[in-house]
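S.K.: So the chains spell out like this:
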Amino acid sequence: MIDKIFESALAAVRDVKDGATVMVGGFGTAGQPSELVDALIEQGARDLTVVNNNAGNGELGLAALIRARRVRKIICSFPRQTNSHHFDALYRAGGIELELVPQGNLACRIEAGGSGLGAIYTPTGFGTRLAEGKETRRIDGRDYVLEFPIRADFALIKAEQGDRWGNLVYRKAARNFGPIMARAAACTVAQVTEVVPLGALDPEVIVTPGIFVHRVVAVGISRGPS
Amino acid sequence: MKPLTRNQLAARVAQDIPEGAYVNLGIGAPTLIANFLPKDREIFLHSENGILGMGPAPPAGQEDWDLINAGKQAVTLLTGGAYFHHGDSFAMMRGGHLDICVLGAFQVSAAGDLANWHTGQPDAIPAVGGAMDLAVGARQVFVMMDHQTKQGEAKIVERCNYPLTAARCVDRIYTDLAVLDVTGRGLVVREMIEGLTFDELQRRSAAPLARGAAPDRTR
Numbered sequence: 015m016i017d018k019i020f021e022s023a024l025a026a027v028r029d030v031k032d033g034a035t036v037m038v039g040g041f042g043t044a045g046q047p048s049e050l051v052d053a054l055i056e057q058g059a060r061d062l063t064v065v066n067n068n069a070g071n072g073e074l075g076l077a078a079l080i081r082a083r084r085v086r087k088i089i090c091s092f093p094r095q096t097n098s099h100h101f102d103a104l105y106r107a108g109g110i111e112l113e114l115v116p117q118g119n120l121a122c123r124i125e126a127g128g129s130g131l132g133a134i135y136t137p138t139g140f141g142t143r144l145a146e147g148k149e150t151r152r153i154d155g156r157d158y159v160l161e162f163p164i165r166a167d168f169a170l171i172k173a174e175q176g177d178r179w180g181n182l183v184y185r186k187a188a189r190n191f192g193p194i195m196a197r198a199a200a201c202t203v204a205q206v207t208e209v210v211p212l213g214a215l216d217p218e219v220i221v222t223p224g225i226f227v228h229r230v231v232a233v234g235i236s237r238g239p240s
Numbered sequence: 107m108k109p110l111t112r113n114q115l116a117a118r119v120a121q122d123i124p125e126g127a128y129v130n131l132g133i134g135a136p137t138l139i140a141n142f143l144p145k146d147r148e149i150f151l152h153s154e155n156g157i158l159g160m161g162p163a164p165p166a167g168q169e170d171w172d173l174i175n176a177g178k179q180a181v182t183l184l185t186g187g188a189y190f191h192h193g194d195s196f197a198m199m200r201g202g203h204l205d206i207c208v209l210g211a212f213q214v215s216a217a218g219d220l221a222n223w224h225t226g227q228p229d230a231i232p233a234v235g236g237a238m239d240l241a242v243g244a245r246q247v248f249v250m251m252d253h254q255t256k257q258g259e260a261k262i263v264e265r266c267n268y269p270l271t272a273a274r275c276v277d278r279i280y281t282d283l284a285v286l287d288v289t290g291r292g293l294v295v296r297e298m299i300e301g302l303t304f305d306e307l308q309r310r311s312a313a314p315l316a317r318g319a320a321p322d323r324t325r
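Each protein sequence line maps, in turn, to chains H and D.
Just so we're on the same page, our numbering is the position in the first sequence counted from 1, plus 14.
Just so we're on the same page, our numbering is the position in the second sequence counted from 1, plus 106.
Only chain H is shown next, with the shape it has when bound in the complex (with noise of 0.2 Å):
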């Protein structure tokens, strides 16, 4: 029998490794798994390149995984918030690399790692100090930017409902990254707010079907935003 169910988040990101890429899914903190990035933060592994749309907003989840410098570079697209004090602070002081990507960008490089794409050309940043260096193309008379896919050793995302088979569906705007991103990791965990039975799920309102995600944890109602 399948069964994707983990006991606890500690148990679901047991063996993410020192250097690991990782995905954390929520735009601010709606949709972050912020359950998960505590057991990141619990489980001790560093150098972590993470993939977020932000940099961490206030104390908690990856703004704590942030604080406790674990994170020796960030992928994502709006570092800079009226709380995003700790990255800020890190940053200035050069204790964090940032990679600053256009937000379509980022989620197009995330849909093509998941895709099984080799490159995209997008419009997106075209003729701006974002595209310095890369590669363009002039097709029927858009110019584009070559940008790679962008693919993760894990992917945190956060979930409202999910089965043994990791189907997920989500909960309003709190599902963003959560789609794309699972498809884009070698390994896909995602935290519930509950587990259902097999079947409980209509086939045909899954947004994220099973084969996307590897291990499902329940935590209940997550907290809100710090």
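Derived from the structure by calculation, the hints contain no laboratory data.
Please note that a few of the clues may not be correct.
[As the list claims (entries may be wrong)] Which chain H residues face chain D? A few, computed with CB under 7 Å, are given here:
(1) K87
(2) F92
(3) D102
(4) A103
(5) L104
(6) G118
(7) R143
(8) P193
Just so it is clear, the structure is predicted and the values come from calculations on it, not from any experiment.
Using N, Cα and C, we set each Cβ at its ideal position, and we do this for glycine too.
With chain H fixed as given, assemble chain D onto it according to the hints.
M.R.: Frame of chain H; chain D shown alone:
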């Protein structure tokens, strides 16, 4: 002469959003436009984090932090609204499905180049978010901004000296003094606030302006 307030400017932009438009309002001042959309028009607000049919802020105490806008403020969903993931959200922009986006700006050039993500200060922490995707993707890009900086520098310029968000992307500029179209023959003034002369507007702009007819407001 009385420059428009933020809210008056938002209300002016709102008049030009037609029935049925799919619209993204950028973070900051453009978000205010939602408060002034004519009630008799059905307009679909898109939020980059995966919402179509975004509604106003909920009453205090009823925030749901799984339902936020691009500025990470609590919002609501209108009846008929939908959620989707980031791949779909940015396909809506990049794929030309979004009719209009309204963005703030540091500078706009005579050719419609937009600078709105980085001041170019070496010690600034850069952050770009979805600005570049919106600027290249939306079918029409409107800019909403003050005509000049607080220090009195022109924000409408011959060439941007701040780092570009995208080249030749802006279609129309709404400022606290005027409405201008970016055209093949340069910047054309469509409207000015009462008491402002064309020469004075030109003096406050660092790119040549031309006089034009008022825009058709019910496109």
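S.K.: Indicate, hint by hint, whether the structure satisfies it.
M.R.: Status of the hints after comparison with the structure:
no.: 1; hint: K87; verdict: violated, 15 Å
no.: 2; hint: F92; verdict: holds, 4 Å
no.: 3; hint: D102; verdict: holds, 6 Å
no.: 4; hint: A103; verdict: violated, 10 Å
no.: 5; hint: L104; verdict: violated, 11 Å
no.: 6; hint: G118; verdict: holds, 3 Å
no.: 7; hint: R143; verdict: holds, 5 Å
no.: 8; hint: P193; verdict: holds, 4 Å
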